[in-house]
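Protein chains: 2
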Amino acid sequence: MTFAERLAASVAARGPTCVGLDPHLPLLPLAVDPQRRAETAAVVRDWSLGVVEAVAPHVAAIKPQVAFFEALGAPGVAALEVAVAAARRAGLVVILDAKRGDIGSTAEAYAQATLDDDGPLGADAVTLSPWLGPESLGPFLARMPQKGAFLLVRTSNPGAGAWQGGPEGVAGEVARWIAAQRQPGLGAVVGATVPAEAAAWRTLLPEAWFLVPGFGAQGGTLADLRALRSGPLLVNSSRGVLFPASGGPRERDWVAGVGRRAAAFAAELAALDSRSPAAS
Amino acid sequence: MTFAERLAASVAARGPTCVGLDPHLPLLPLAVDPQRRAETAAVVRDWSLGVVEAVAPHVAAIKPQVAFFEALGAPGVAALEVAVAAARRAGLVVILDAKRGDIGSTAEAYAQATLDDDGPLGADAVTLSPWLGPESLGPFLARMPQKGAFLLVRTSNPGAGAWQGGPEGVAGEVARWIAAQRQPGLGAVVGATVPAEAAAWRTLLPEAWFLVPGFGAQGGTLADLRALRSGPLLVNSSRGVLFPASGGPRERDWVAGVGRRAAAFAAELAALDSRSPAAS
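Protein sequences appear in the order of chains A and B.
Read in order, the letters of the first sequence correspond to residues 1 to 280 in our numbering.
Read in order, the letters of the second sequence correspond to residues 1001 to 1280 in our numbering.
Do not take every clue at face value.
As the list claims (entries may be wrong) - Facing chain B, from chain A, some residues (calculated, C-beta under 7 Å):
1) S129
2) P134
3) A142
4) Q146
5) A162
6) W163
Think of the hints as simulated: they come from the structure by calculation, not from any bench.
Positions of the beta carbon are idealized from the N, C-alpha and C atoms, including for glycine.
All chains should be built: construct the whole structure from the sequences, respecting the hints.
Structure (structure tokens):
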């Protein structure tokens, strides 16, 4: 099966839901000392395995945020490798949130590092920054349709538009380039936080998979997603699922808590009734 | 000393020269099996230590390309940690070529991962992609002036201009934003391969450190650098120093070979007579 087929099947089974795997140390249910990186990495590894176990019955995909693992050095990267392997075994589609972007043999090395099944991670897909131009994407296109990538077209942060621009700017050119590739494994990151532009992005990319961050914690709502639902859609929630909203005392049974919140996220998104048009 | 002061001192002593640390496996002087990642990482670690030893007397800075290390997984990242520590001990300014770019707590995690002295690497500076907007650079600005960063303004690849644009486009806006920060630790990557634009970039950024890739192997020449030399300049060579041009049989005494080529690169750049204006 191709990446797009795997993702469509997973979304058909469990809804258009993705959970970020963001081991933000101050929020973890277990106390850690970031200075003791090997010990902290072991805690992050065990927490990641708990999250995979908790969310796998409820959501289509998981999106590990590599920065949090890299901040712990080599033991953190080893923990990421364990977490990705566990997520793949659990049947989750794994989208590595790495936002890589480089050229030539360096881009090839990033593709090996993130996607190759005989490499250290073998994720299903990776997020990519398009800043270095179309040629920087070649090694990732070469791995499609078996593997996938999501280009950062329009991110969900308030200042995203400063240099990305909107549908009429550089981000729009990136979107048009994606459409011209006619490659189902090549999707787009389009934030849920710019609802006024949502319809324009979907018009530019009627058939592309959209990975939509910014839902929930960053202010994106179900209503903001409706303009995107005419095409294939995967909506991400990170902190809203991983951690209790209260910020109160640490959860005693945190695996159950993550599971409850993942189920609630899936139920909320079910109201969108956008189960993968690509799978139909 | 601040990052800009450390870099200026190193350039004053050894010229405006930076060597990339790119363990491109097919070119290494020792045979490796990329499938055996731990063993390959040990070879890459030893090769990196040899390169540091060979180039330290001749050049101002070293620029490890993290993608090649990451392709080997956790053992590769451990090798990178060893190489960076050795380069710092040898007095080289270490610029991590990571091209990171993310937002919020994720950007903070990347800053910890790359720059913090109590983190895994503690490099002097890092390369950053500006695609996510000015706010993505906050955690790195917060670490200046002790640490530094080079924004990818205009890269050296042939297709760089597609979405970066030139001095009148988005890349120009990024350059103007850099100038407005008035932060000596914040530099720019400006490729040597677009000589027609060189004077315009220097006009936009008269006082910023330029990290210039593309010299030598990618076609940039001494003449292309002259328009940039009115401000502080660091010129990078990677394969031209690391590996013999012939592509013939592997060098027997490869440490001596790297040292000879680093000395030749330094001698060539000495003709530019651009020893750090910032240090004068």
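Outcome of the hint check:
Residue-level restraint check for A:S129 holds (minimum Cβ-Cβ distance to chain B is 5 Å; threshold 7 Å). This hint holds: A:P134 has a C-beta 6 Å from the nearest C-beta of chain B, less than the 7 Å allowed. Proximity of A:A142 to chain B is violated relative to the hint, the smallest CB-CB distance being about 15 Å (cut-off 7 Å). Taken as an interface hint, A:Q146 does not check out: its beta carbon lies about 18 Å from the nearest beta carbon of chain B, beyond 7 Å.
Below 7 Å, beta-carbon pairs count as interface contacts, and A:A162 has one with chain B at about 4 Å; its hint therefore holds. For A:W163, the interface hint holds, since its Cβ comes within 7 Å of a Cβ in chain B; the closest pair sits about 5 Å apart.
Hints 3, 4 from the earlier list are contradicted by this structure; the remaining hints agree with it.
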